[in-house]
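Chains as they are written, first to last, in this note's numbering: chain A, 1 to 340; chain B, 1 to 340; chain C, 1 to 340; chain D, 1 to 340.
Since the hints were made in silico from the structure, they are not lab data.
It is possible that some hints are incorrect.
Because identical chains share one entry, a pair is satisfied inside a single copy or across any pair of copies.
In silico BS3-like links for lysine-lysine, alpha-carbon gap of 30 angstroms or less [unchecked claim]:
no.	residue 1	residue 2
1	Lys331	Lys7
2	Lys201	Lys79
3	Lys145	Lys79
4	Lys15	Lys121
5	Lys121	Lys95
6	Lys308	Lys203
7	Lys26	Lys308
8	Lys26	Lys307
9	Lys150	Lys331
10	Lys154	Lys15
11	Lys154	Lys26
12	Lys330	Lys26
13	Lys7	Lys86
14	Lys145	Lys339
15	Lys203	Lys120
16	Lys330	Lys95
17	Lys201	Lys121
18	Lys201	Lys15
19	Lys26	Lys145
20	Lys154	Lys308
21	Lys79	Lys7
22	Lys95	Lys331
23	Lys79	Lys203
24	Lys26	Lys204
Here the structure is a predicted model, which means the values were calculated and not measured.
There are 4 protein chains.
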Amino acid sequence: MIIEMEKNATREEIKDVINVVINDFKFEAQVNTGEERTVIAVLGSNTGDIDTQSFEVLSGVERVVRIQRPFKLASRDFKPENTIVKIDNIEIGGKELIIMAGPCSVESEEQIIGCAFAAKKSGAKVLRGGAFKPRTSPFAFQGLKEEGLKFLFKAGLEAELLIVTEVVSSQDVELVASYADILQIGARNMQNYQLLEAVGKSKKPVLLKRGLSATIEEWLMAADYILRGNGEPKVILCNRGIRTFDNFTRFTYDVGILPGVRHLTHLPIITDPSHAAGNYRYVPDFAKMAVVGGADGLIVEIHPNPKKAMSDGAQSLTFSDFSLLMEELKKIAEVVGRKI
Amino acid sequence: MIIEMEKNATREEIKDVINVVINDFKFEAQVNTGEERTVIAVLGSNTGDIDTQSFEVLSGVERVVRIQRPFKLASRDFKPENTIVKIDNIEIGGKELIIMAGPCSVESEEQIIGCAFAAKKSGAKVLRGGAFKPRTSPFAFQGLKEEGLKFLFKAGLEAELLIVTEVVSSQDVELVASYADILQIGARNMQNYQLLEAVGKSKKPVLLKRGLSATIEEWLMAADYILRGNGEPKVILCNRGIRTFDNFTRFTYDVGILPGVRHLTHLPIITDPSHAAGNYRYVPDFAKMAVVGGADGLIVEIHPNPKKAMSDGAQSLTFSDFSLLMEELKKIAEVVGRKI
Amino acid sequence: MIIEMEKNATREEIKDVINVVINDFKFEAQVNTGEERTVIAVLGSNTGDIDTQSFEVLSGVERVVRIQRPFKLASRDFKPENTIVKIDNIEIGGKELIIMAGPCSVESEEQIIGCAFAAKKSGAKVLRGGAFKPRTSPFAFQGLKEEGLKFLFKAGLEAELLIVTEVVSSQDVELVASYADILQIGARNMQNYQLLEAVGKSKKPVLLKRGLSATIEEWLMAADYILRGNGEPKVILCNRGIRTFDNFTRFTYDVGILPGVRHLTHLPIITDPSHAAGNYRYVPDFAKMAVVGGADGLIVEIHPNPKKAMSDGAQSLTFSDFSLLMEELKKIAEVVGRKI
Amino acid sequence: MIIEMEKNATREEIKDVINVVINDFKFEAQVNTGEERTVIAVLGSNTGDIDTQSFEVLSGVERVVRIQRPFKLASRDFKPENTIVKIDNIEIGGKELIIMAGPCSVESEEQIIGCAFAAKKSGAKVLRGGAFKPRTSPFAFQGLKEEGLKFLFKAGLEAELLIVTEVVSSQDVELVASYADILQIGARNMQNYQLLEAVGKSKKPVLLKRGLSATIEEWLMAADYILRGNGEPKVILCNRGIRTFDNFTRFTYDVGILPGVRHLTHLPIITDPSHAAGNYRYVPDFAKMAVVGGADGLIVEIHPNPKKAMSDGAQSLTFSDFSLLMEELKKIAEVVGRKI
């Protein structure tokens with residue numbers, strides 16, 4: 001942590017800051033007396049834990065800049081080698097790209113079983129589908145809940161696919177975990193810390209979506225919440241677009257974070273091209289970008305009849321479009337040294 | 001809802017869209033055949049409930065624009081006159097501005113009682129203080145929990161102030177409601193729908209903070225979640241800054257939404273200048289802006305010794321600075337026809 | 001400047017960075033060998049001039065953080081006391097708030113003279129009006145150009161008001177300067193450096209609007225371009241809203257920057273409530289916020305008949321609304337120790 | 001254009017709006033009397049030219065939504081088939097991807113000739129290099145100006161590459177056009193309308209970068225400015241990252257706009273991965289994303305010795321990294337049906 005003093009900070013103010021660094025926080029302080037202003041470097045093994053406000057409040061302080069990253073368990077500093085999340089016979093974070101596909105919402109047994117076989121046939125390894133739906137309006141369809149979980153489970157069993165589905169409440173974690181292989185935390189719950197702790201304790205692998213306006217640091221700190229309870233590093237990150245001034249697509253596609261995130265964390269990262277695009281026309285190109293950008297997999301919305309979907313129809317691919325896309329992705333993956 | 005067809009949409013595609021509007025959704029369709037493209041107006045009393053994606057997915061559709069507001073219970077269309085939330089002898093949303101003050105976190109009995117008397121002395125009517133703290137990092141101080149609630153309760157009783165405090169989990173709603181007069185939903189939980197429903201059912205007044213990147217529509221739909229359970233409209237909105245490219249202050253101060261939000265909703269709205277500012281130096285000016293902009297009150301962080309605060313010290317006012325600010329605010333309120 | 005090395009940076013890489021600091025840039029280097037990683041402080045009187053990329057490119061470097069501000073002439077470090085821009089008998093940046101008012105575009109002699117007398121009567125000191133209009137579409141009205149300048153000049157003369165008007169091209173600076181007292185640089189030209197240099201050389205006072213997505217540092221560096229040629233510090237800053245995800249008002253109102261900008265720069269700063277609001281209904285509240293927030297003045301759009309305005313009608317006040325607003329502003333200014 | 005009236009708008013107000021639509025603007029008005037509020041559709045062939053404020057200002061109007069796109073010459077409605085910009089023997093917008101490469105700034109004859117041969121050898125067709133540099137600070141290196149143009153010209157001649165270089169002022173257009181094959185308009189000048197008109201009149205092909213916070217509509221309206229003077233559609237769009245809350249990379253990489261922009265406009269579009277990344281480590285992945293996303297080419301920064309570059313060193317590729325990247329891009333282009 002670097003504390004920049006005001007240009008006209010007094011000797012007393014500087015001393016006071018050093019005193020807080022050394023005596024209150026037990027860090028080392030190294031003082032750089034520049035020509036224009038004094039800068040104090042705070043040294044210690046866990047300065048990343050300290051809120052910058054602890055120093056900003058002191059008299060004579062102009063600005064505090066954090067050097068150490070505030071996330072720990074998700075950091076490569078903590079675990080340098082890549083994490084591979086193994087579930088049954090699949091590995092997320094290995095050479096093979098893992099494709100997850102399915103409808104936004106589970107609507108009926110028939111629909112989800114149809115999706116499962118279509119997904120399987122094209123090469124997907126995991127079936128997605130929402131049973132508990134967090135909807136912006138309380139008057140919108142909220143999902144089939146446990147009935148939906150049962151349909152999902154059956155579909156996964158029949159088509160031999162793993163199941164990923166969202167959990168929106170800590171009370172439901174046990175229930176959802178009894179049907180699903182991977183628990184999904186949605187973007188709007190990325191900082192629902194109680195839920196993060198609950199899924200961490202469940203020991204299940206967790207797919208953690210990036211919040212709409214979360215920084216990379218906040219996202220990895222949210223992963224820390226799960227990892228702390230999780231014991232093993234069974235978190236899969238998932239980017240899905242962010243909210244900016246540019247609403248030309250549903251969300252601004254944040255695919256450009258992939259190489260940098262990989263540098264910071266050992267956790268695998270997959271990409272959701274469907275929510276960012278908001279429009280099935282853009283989903284194939286978005287999927288390809290993620291593959292060449294280094295994603296470890298994709299989670300894609302498909303639907304037997306998108307026009308009749310109960311949610312997110314516009315961004316869902318038909319089975320035949322998904323099949324075509326998978327053929328293209330296989331070729332692209334090969335060129336960049338991966339496989340599907 | 002307005003459906004804009006592609007320039008070269010076929011007659012079949014247009015017919016198909018009209019068919020969905022009339023037969024699937026039971027709305028009326030009015031067709032405008034322009035020189036360049038066909039535009040279909042969807043008419044009906046609750047088109048605001050329908051996801052635009054339901055039409056975007058149809059063949060030949062270029063764009064869908066929503067006309068009706070998607071929020072209902074929070075809307076002035078639903079309830080034209082201003083809502084006043086009455087709790088004991090105070091009225092939030094009336095002529096008097098209600099000032100809420102207190103520390104970010106409850107740290108000890110002594111600290112919170114000190115804050116309560118300082119707040120009371122300067123004219124505040126409600127004591128704030130966090131017992132359950134949602135912290136970005138799992139390694140940061142998480143609050144005193146029930147012990148903190150007890151200290152809060154005692155402080156409110158002694159200083160004769162109402163209590164507002166944050167609830168972060170649906171499991172805790174009953175507990176928190178047994179100590180607090182107003183339940184606060186924090187910015188990061190604005191779309192934690194399960195929690196919104198739980199506080200709605202508690203029948204307690206709820207202070208609903210705006211999410212960091214929430215649109216006004218999303219915020220009012222979140223209010224709808226609470227209002228649906230609440231029965232009476234006991235929701236107080238609270239703006240607290242948003243996240244944009246401009247991080248010159250901790251958050252971009254969203255005080256400019258005040259007049260427009262008042263136009264859309266009957267609910268009272270108060271402002272949190274402390275979190276937006278992130279720095280005690282800016283809090284007084286931010287507070288004044290809210291008062292002249294039409295806020296129904298403020299929620300301000302104060303601390304007996306900000307330098308020793310366990311969280312958010314840099315944005316907390318000392319008791320004497322708060323006292324000075326209140327004197328200034330009283331004069332400003334008077335000029336704009338309000339009082340404190 | 002603070003250079004954070006990668007955790008596993010080699011001794012050679014660290015040496016190489018120090019070498020560049022000392023031998024290529026002639027700065028001092030102070031090395032902090034932390035437990036986790038090495039951090040190098042670059043010390044010297046003008047490290048603010050150096051691009052952080054000069055160090056980011058070096059092998060083993062993780063991140064570079066700038067400590068020194070990159071702007072110079074606009075900085076309080078360079079000139080600690082407030083600048084007051086004096087033009088004839090008015091002072092911008094003094095105790096009195098200077099109100100500038102007038103139409104978006106000069107449309108006719110009659111219109112601008114009507115505006116001038118209405119502005120004068122309500123207490124404005126400067127007449128605004130666009131003769132050269134930078135319009136987003138090439139097919140929109142582009143202004144009356146020199147004829148508009150002549151009308152403005154006449155109106156200013158008759159009503160005894162100073163004139164501020166926008167200049168959009170370096171070729172026009174001399175022409176515009178022969179009619180206007182203050183040259184305005186619009187938001188879209190904030191980084192049109194050739195234009196900044198041209199207005200700087202003209203020695204006229206310059207009103208510099210903040211760009212739609214400009215940081216405060218970029219804005220003050222743009223002021224540096226003008227100040228370098230200007231000799232005297234005759235730059236007036238003007239905030240006018242920024243572009244963010246939140247388009248509830250035309251632009252997100254950036255009034256929250258006022259106290260912080262005043263801390264960084266000695267230049268006066270005025271606020272444009274009209275462009276941020278985009279709607280006449282919000283302009284009065286926006287104006288009041290700026291006054292209590294410490295602006296040195298306002299620039300407000302008024303029009304004899306907003307419904308017939310050739311541009312920006314929706315955000316223009318009628319003469320009677322402007323007159324009412326001025327009465328309110330006078331009272332508010334008094335409460336915060338200023339006057340109009 | 002769709003005009004939504006306030007819920008309690010009077011019959012008089014509605015009549016007045018219709019009157020303005022029909023008599024002032026000579027459009028047709030179609031009135032939809034919904035259960036909740038009246039909505040008026042404005043029909044005509046060029047409603048896209050009209051500012052929404054013209055109606056927002058009218059009494060009783062709640063909101064105005066534009067249906068017609070405000071850009072014209074750049075639109076596929078105006079010219080449905082793809083534009084191919086042909087310069088000598090290259091085609092931008094055809095099957096072949098055109099790669100432009102070179103240093104940020106021309107620093108010396110030797111440097112630019114070295115870059116030219118390296119670019120040529122790896123398969124680039126156009127040499128980039130800045131002679132007039134728009135720098136954020138007036139104290140930074142501003143380019144070699146005409147001397148730089150001469151070096152560029154010589155390098156292009158010797159290595160048999162076309163030349164693209166930035167022009168920052170309308171006065172310089174003739175000079176720059178005498179040395180360059182393509183004139184570049186930088187992001188900060190995207191709304192410098194006088195410059196846009198000047199390059200349009202020069203009849204040279206123009207590379208138009210997207211502004212840091214420009215919407216797609218504003219970008220295409222800026223293209224309209226050039227196209228109006230240009231006669232032939234010789235504009236090449238270039239995306240290069242936008243400014244959002246997320247500054248994890250230098251700019252948020254806006255590669256997700258590619259498929260949608262192609263849908264709206266007939267103009268070719270290339271991508272600049274270097275400025276978005278801000279870091280050479282991310283440039284290769286960013287380049288690959290653009291290729292699979294449908295870009296018609298790339299413009300990439302390379303430098304013989306990035307550590308010694310006078311600007312943008314951190315985001316420049318060495319010659320050998322560029323050569324490796326080009327080999328990879330060739331394979332990827334082939335998979336998506338393009339070639340390099």
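Hint check:
In this homomeric assembly, lysine 331 and lysine 7 never come within 30 angstroms of each other (Cα to Cα): the closest approach is 59 angstroms inside a single copy and 35 angstroms across copies. Taking the shortest Cα distances, lysine 201 and lysine 79 sit within 30 angstroms of each other inside one copy (21 angstroms), while across copies they are farther apart (45 angstroms). Proximity of lysine 145 to lysine 79 under the C-alpha cut-off of 30 angstroms is found in neither arrangement, the shortest distances being 37 angstroms within a copy and 33 angstroms between copies. Taking identical chains as interchangeable, the C-alpha atoms of lysine 15 and lysine 121 are never at most 30 angstroms apart, the minima being 69 angstroms within one chain and 35 angstroms between chains.
For a Cα distance limit of 30 angstroms, the shortest separation of lysine 121 from lysine 95 inside one copy, 21 angstroms, qualifies, whereas the shortest one across copies, 32 angstroms, does not. Taking CA atoms no more than 30 angstroms apart as the test, lysine 308 paired with lysine 203 passes in neither setting, with 36 angstroms inside one copy and 38 angstroms between copies. In this assembly of identical chains, lysine 26 and lysine 308 lie within 30 angstroms of each other by CA distance solely across copies; the values are 15 angstroms between and 62 angstroms within a copy. Proximity of lysine 26 to lysine 307 under the C-alpha cut-off of 30 angstroms is restricted to the inter-copy arrangement: shortest distance 16 angstroms between copies versus 62 angstroms within a copy.
In this homomeric assembly, lysine 150 and lysine 331 never come within 30 angstroms of each other (Cα to Cα): the closest approach is 35 angstroms inside a single copy and 45 angstroms across copies. Taking the shortest Cα distances, lysine 154 and lysine 15 never come within 30 angstroms of each other, neither inside one copy (67 angstroms) nor across copies (39 angstroms). Taking the shortest Cα distances, lysine 154 and lysine 26 never come within 30 angstroms of each other, neither inside one copy (57 angstroms) nor across copies (35 angstroms). For the identical chains of this complex, lysine 330 and lysine 26 are neighbours neither inside a copy (54 angstroms) nor across copies (44 angstroms), given an alpha-carbon limit of 30 angstroms.
In this homomeric assembly, lysine 7 and lysine 86 come within 30 angstroms of each other (Cα to Cα) only across copies, at 28 angstroms, whereas the closest approach inside a single copy is 55 angstroms. Proximity of lysine 145 and lysine 339 under a CA criterion of 30 angstroms is satisfied in neither setting, with 35 angstroms inside one chain copy and 49 angstroms between copies. Taking the shortest Cα distances, lysine 203 and lysine 120 sit within 30 angstroms of each other inside one copy (26 angstroms), while across copies they are farther apart (48 angstroms). Taking the shortest Cα distances, lysine 330 and lysine 95 sit within 30 angstroms of each other both inside one copy (13 angstroms) and across copies (22 angstroms).
In the homo-oligomer, the alpha carbons of lysine 201 and lysine 121 never lie at most 30 angstroms apart, since the shortest distance is 34 angstroms inside one protomer and 46 angstroms across protomers. Within a single copy, lysine 201 and lysine 15 get their C-alpha atoms no closer than 45 angstroms, and across copies no closer than 46 angstroms, so neither meets the 30 angstroms cut-off. Only between protomers do lysine 26 and lysine 145 lie at most 30 angstroms apart by alpha-carbon distance; the minimum there is 27 angstroms, versus 51 angstroms within a single protomer. Taking the shortest Cα distances, lysine 154 and lysine 308 sit within 30 angstroms of each other inside one copy (22 angstroms), while across copies they are farther apart (56 angstroms).
Proximity of lysine 79 and lysine 7 under a CA criterion of 30 angstroms is satisfied inter-copy only: 12 angstroms between copies versus 40 angstroms inside one chain copy. Within a single copy, lysine 95 and lysine 331 get their C-alpha atoms as close as 14 angstroms, and across copies as close as 19 angstroms, so both meet the 30 angstroms cut-off. Taking the shortest alpha-carbon separations for lysine 79 and lysine 203, only the intra-copy value of 19 angstroms comes in at or below 30 angstroms, while the best inter-copy value is 47 angstroms. For the homomeric pair lysine 26 and lysine 204, neither the shortest alpha-carbon distance inside one copy (38 angstroms) nor that between copies (44 angstroms) is at most 30 angstroms.
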